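There are 2 protein chains.
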Amino acid sequence: MEKWYRQPPHQGDIGISTRVRLARNVKQFPFKEKISSSGQIQLNQMVKSALKRMDLGHNKFGFIELQELSELERIALLEQNLVSRTFLTKPENRMLVLSEDHSVSIMVNEEDHIRIQVLRSGMDLEGAYQLCNKIDDILSETLDFAFDDTLGYLTVSPTNLGTGLRASVLLHLPALERIQIIPQLMKTVSRMGLVIRGSYGEETGVIGSAYQIANQVTLGLSEQMEISNLQNIVRQVMESERGARADILNNIEVIDEICRSYGILKYARMITSKEAYAHLSNVRLGVSERILEEVSLETLNQLLNSVGEATLSVRANQHLNARERDLDRARLIRDLI
Amino acid sequence: MEKWYRQPPHQGDIGISTRVRLARNVKQFPFKEKISSSGQIQLNQMVKSALKRMDLGHNKFGFIELQELSELERIALLEQNLVSRTFLTKPENRMLVLSEDHSVSIMVNEEDHIRIQVLRSGMDLEGAYQLCNKIDDILSETLDFAFDDTLGYLTVSPTNLGTGLRASVLLHLPALERIQIIPQLMKTVSRMGLVIRGSYGEETGVIGSAYQIANQVTLGLSEQMEISNLQNIVRQVMESERGARADILNNIEVIDEICRSYGILKYARMITSKEAYAHLSNVRLGVSERILEEVSLETLNQLLNSVGEATLSVRANQHLNARERDLDRARLIRDLI
Numbered sequence: 038m039e040k041w042y043r044q045p046p047h048q049g050d051i052g053i054s055t056r057v058r059l060a061r062n063v064k065q066f067p068f069k070e071k072i073s074s075s076g077q078i079q080l081n082q083m084v085k086s087a088l089k090r091m092d093l094g095h096n097k098f099g100f101i102e103l104q105e106l107s108e109l110e111r112i113a114l115l116e117q118n119l120v121s122r123t124f125l126t127k128p129e130n131r132m133l134v135l136s137e138d139h140s141v142s143i144m145v146n147e148e149d150h151i152r153i154q155v156l157r158s159g160m161d162l163e164g165a166y167q168l169c170n171k172i173d174d175i176l177s178e179t180l181d182f183a184f185d186d187t188l189g190y191l192t193v194s195p196t197n198l199g200t201g202l203r204a205s206v207l208l209h210l211p212a213l214e215r216i217q218i219i220p221q222l223m224k225t226v227s228r229m230g231l232v233i234r235g236s237y238g239e240e241t242g243v244i245g246s247a248y249q250i251a252n253q254v255t256l257g258l259s260e261q262m263e264i265s266n267l268q269n270i271v272r273q274v275m276e277s278e279r280g281a282r283a284d285i286l287n288n289i290e291v292i293d294e295i296c297r298s299y300g301i302l303k304y305a306r307m308i309t310s311k312e313a314y315a316h317l318s319n320v321r322l323g324v325s326e327r328i329l330e331e332v333s334l335e336t337l338n339q340l341l342n343s344v345g346e347a348t349l350s351v352r353a354n355q356h357l358n359a360r361e362r363d364l365d366r367a368r369l370i371r372d373l374i
Numbered sequence: 038m039e040k041w042y043r044q045p046p047h048q049g050d051i052g053i054s055t056r057v058r059l060a061r062n063v064k065q066f067p068f069k070e071k072i073s074s075s076g077q078i079q080l081n082q083m084v085k086s087a088l089k090r091m092d093l094g095h096n097k098f099g100f101i102e103l104q105e106l107s108e109l110e111r112i113a114l115l116e117q118n119l120v121s122r123t124f125l126t127k128p129e130n131r132m133l134v135l136s137e138d139h140s141v142s143i144m145v146n147e148e149d150h151i152r153i154q155v156l157r158s159g160m161d162l163e164g165a166y167q168l169c170n171k172i173d174d175i176l177s178e179t180l181d182f183a184f185d186d187t188l189g190y191l192t193v194s195p196t197n198l199g200t201g202l203r204a205s206v207l208l209h210l211p212a213l214e215r216i217q218i219i220p221q222l223m224k225t226v227s228r229m230g231l232v233i234r235g236s237y238g239e240e241t242g243v244i245g246s247a248y249q250i251a252n253q254v255t256l257g258l259s260e261q262m263e264i265s266n267l268q269n270i271v272r273q274v275m276e277s278e279r280g281a282r283a284d285i286l287n288n289i290e291v292i293d294e295i296c297r298s299y300g301i302l303k304y305a306r307m308i309t310s311k312e313a314y315a316h317l318s319n320v321r322l323g324v325s326e327r328i329l330e331e332v333s334l335e336t337l338n339q340l341l342n343s344v345g346e347a348t349l350s351v352r353a354n355q356h357l358n359a360r361e362r363d364l365d366r367a368r369l370i371r372d373l374i
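Protein chains in written order, with our numbering: chain A, 38 to 374; chain B, 38 to 374.
Treat the hints as calculated values from the structure; they're not laboratory data. These figures come from a predicted structure and were not determined experimentally. Keep in mind that a hint or two might mislead.
Since the list can't tell identical chains apart, any single copy or any two copies may satisfy a pair.
Computed cross-link-like contacts, DMTMM-like style, restricted to lysine to aspartate or glutamate with a CA-CA straight-line distance of at most 25 angstroms [to be verified]:
1) 303 <-> 372
2) 171 <-> 181
3) 303 <-> 365
4) 97 <-> 284
5) 71 <-> 92
6) 224 <-> 116
7) 303 <-> 293
8) 127 <-> 116
9) 311 <-> 335
10) 171 <-> 361
11) 303 <-> 330
12) 40 <-> 105
13) 224 <-> 330
14) 85 <-> 138
15) 85 <-> 174
This is chain A alone, in the form it adopts within the complex (with noise of 0.2 angstroms):
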């Protein structure tokens, strides 16, 4: 089954892939550290069971036990924004669910009881919410929900409480960052109590001019209306960047490094994640403004998805050293492109 990434994006040509996040914890068991053995196992198989009798189309749930995967297919998982980080640092009684196609992602035992996840291509916060949701009442049926009628669902953290949704948007920003107006648009998005940050790993920065959009606030207003704030925003900013391509690919030089970037990628023999990342990013850019047809959106996300390190080593089913890396990984783009 093809993963999520593969599948057509919505509004593709700024929107790489939306994130939706719903925080749950279940009454009968203590919160965190509290939680015993027990107790963590018998919610594992109630989440098992509960959604064994969900319908998910030609998509299927499995279950991983995360202590019988190896560390690197567990870092693997991370880099592919599958779990949190949190989630790997004590495998022992944790479960992961993961539809065949990657898009929903369940943690069960990490820092909330679950964490209900579900990822779609481009920019789709009504598609992933309505999935998300539909989970969450599926597992709602079976299990009591921790729930304050005043504060709303009770999570670990207090960011969460409240709907304990967190949506995101991932956009390739590309124009914005050329004329240098996000520092501004960060400003004004977070007078909005949503907050954007560059993509693909906080240690590293901002890589492939791609900028995550979320909510912030969770506590005093319906799932819905936190989807649809966001959406709100996101919509601004896809116009934005709209308007500042139509500018700046006015400009020869801006094609020039678009052509060249495509060039690099199909025959480069060796290349690091980072400059694969930037390039990519450029690549991207031509592809949506239909400078270059010779490569598809749905290709571009897979590779965005396959190029990290971890991943490119499970995928070569050894450890590989850097320099190995950066031959497998030329070898892979220039395959896929």
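Since the structure of chain A is provided, determine the placement of chain B on it from the hints.
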């Protein structure tokens, strides 16, 4: 008719082109500036008559009054090594005889009365010399060349006295350059009465790892001996280059560089001549060593002879500025590669 540089090159893995030139003066006319205008016109006529009887096969001579060309056309001739800089300083009464394929160019009323030049694709000293010699023979049937029994042919510059022959081979030496033994090679070769210098513009230094090996001594040797001396050294340099290539091509970094250069040339939308020559050099190495199959040496030779500033302007039929040339150059390369 295809230009000489589109011919399959002899030993084209390293040999780019071969040039043989003979300087001759005619007894009945004073040398250099002392020849009168009417003398010059008479000389042009005599050369024209002599050559009209020569059979060049499918090739044909054209007879060009230098002063009838535009400034740009003249510089383009220089750029393509068909005339000397000296020849262009005073266009009056100067005639260029140019074969349709540009392999033969004869300057009449240059510093010397007559300079016969033959260009060949690849390393082909014998072929170039034989044709030069044949033209010399034809001309000497009707023209009485200034000749001294002790000194040989008399020329304006003492450095040409004797045979009046200057032969050179343009070699592509990226591997010897990379392992940094060219300076040492220059010393060795100069002790043998030859010279190596970086080619494509004396002002700009070595471009595209192209080096010219030429004879220096014209006195006291026969033409044939000069040619075979040069040929021996050239063969040894070619062997060294082949050995060095075998070494450096074990290096994936070098392969990567070659392939990236191809990708850049294939997709860039604007490119300076300096950058173009550098990438063309990498690609030539790749093609010679069968790393790249996508392009022929003939096409690379054509590009080397087409991407110069004046040549691009003549081709566009207007004076192009730097930016326009960079665009045109990239387009030409994309079209051919």
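Okay, the hints, checked on the actual structure:
no.: 1; hint: 303 <-> 372; result: both (8 angstroms within a copy, 18 angstroms between copies)
no.: 2; hint: 171 <-> 181; result: within (16 angstroms within a copy, 103 angstroms between copies)
no.: 3; hint: 303 <-> 365; result: both (13 angstroms within a copy, 23 angstroms between copies)
no.: 4; hint: 97 <-> 284; result: neither (45 angstroms within a copy, 53 angstroms between copies)
no.: 5; hint: 71 <-> 92; result: neither (33 angstroms within a copy, 102 angstroms between copies)
no.: 6; hint: 224 <-> 116; result: neither (28 angstroms within a copy, 56 angstroms between copies)
no.: 7; hint: 303 <-> 293; result: both (15 angstroms within a copy, 11 angstroms between copies)
no.: 8; hint: 127 <-> 116; result: within (17 angstroms within a copy, 70 angstroms between copies)
no.: 9; hint: 311 <-> 335; result: within (20 angstroms within a copy, 37 angstroms between copies)
no.: 10; hint: 171 <-> 361; result: neither (43 angstroms within a copy, 59 angstroms between copies)
no.: 11; hint: 303 <-> 330; result: both (14 angstroms within a copy, 15 angstroms between copies)
no.: 12; hint: 40 <-> 105; result: within (22 angstroms within a copy, 69 angstroms between copies)
no.: 13; hint: 224 <-> 330; result: neither (36 angstroms within a copy, 53 angstroms between copies)
no.: 14; hint: 85 <-> 138; result: within (18 angstroms within a copy, 80 angstroms between copies)
no.: 15; hint: 85 <-> 174; result: within (14 angstroms within a copy, 97 angstroms between copies)
In summary, the structure is inconsistent with hints 4, 5, 6, 10 and 13 from the numbered list given earlier, while agreeing with the others.
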